[in-house]
Amino acid sequence: MGTPDFVQDSIGGLIRGILTDIQTLIREEIALARVEIREQAGRAKAAAMSFGIAVAALAFGGIFLLVAVALGIANLLGWPAWSGFLIVAVLLCIGGFFTLSSGRKQLASVHALPSETVTTLKENSEWIAKRLSSVRK
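Each residue of the sequence shown is one higher than the one before, starting from 323 at the first, in the working numbering.
By construction, these hints were calculated from the structure, which means they are not laboratory data.
Be a bit skeptical, because a hint or two may be false.
Calculated cross-link-like contacts (lysine to aspartate or glutamate; reagent style EDC-like; alpha-carbon spacing at most 16 Å) [claimed, not checked]:
1. K444 x E351
2. K444 x E350
3. K452 x D343
What follows is a list of derived Cβ distance ranges for each label pair [to be verified]:
4. E448 x V412: 56 to 62 Å
5. R349 x V432: 24 to 30 Å
6. I385 x R365: 29 to 35 Å
7. S437 x R338: 29 to 35 Å
8. G339 x S423: 50 to 56 Å
9. I344 x K427: 38 to 44 Å
10. S424 x A353: 29 to 35 Å
11. R349 x S424: 34 to 40 Å
All of these numbers come straight from a predicted model, not from anything done at the bench.
The beta-carbon is built from N, C-alpha and C at its ideal position, and this holds for glycine as well.
Take the sequences, apply the hints, and build the full model.
And the structure:
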């Protein structure tokens, strides 16, 4: 008659141990996810800065294009004044294009889901499933 109580206590202890382990794993996974999200936020910030620089360069290029059109009417000397402004505007647009492509490459390296956390969550769920199946036997 002492055996059923011993089995009951050991099963209860095993379940409590499993629940404690699950709690610890969840806390550790949350901490890991926070670290990974901070890293990804830093990458996203760098990409956003590249996009900001690209927008500024393209805006200045647009302004120079508008000035070139306005000054294009006034032909001074043999060369029109707008040709110098046009060259500067084209160079600014080219610089903006390269900065934009750099920002796109940086943004491509940013991962929304923390990959390490997803991997460890899969491993932990498999471990929990194995442990629960061994308790049932």
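Quick rundown of the hints versus the structure:
no. : hint                    : in the structure
1   : K444 x E351             : holds (11 Å)
2   : K444 x E350             : holds (14 Å)
3   : K452 x D343             : holds (13 Å)
4   : E448 x V412: 56 to 62 Å : holds (58 Å)
5   : R349 x V432: 24 to 30 Å : holds (26 Å)
6   : I385 x R365: 29 to 35 Å : holds (31 Å)
7   : S437 x R338: 29 to 35 Å : holds (32 Å)
8   : G339 x S423: 50 to 56 Å : holds (54 Å)
9   : I344 x K427: 38 to 44 Å : holds (40 Å)
10  : S424 x A353: 29 to 35 Å : holds (33 Å)
11  : R349 x S424: 34 to 40 Å : holds (39 Å)
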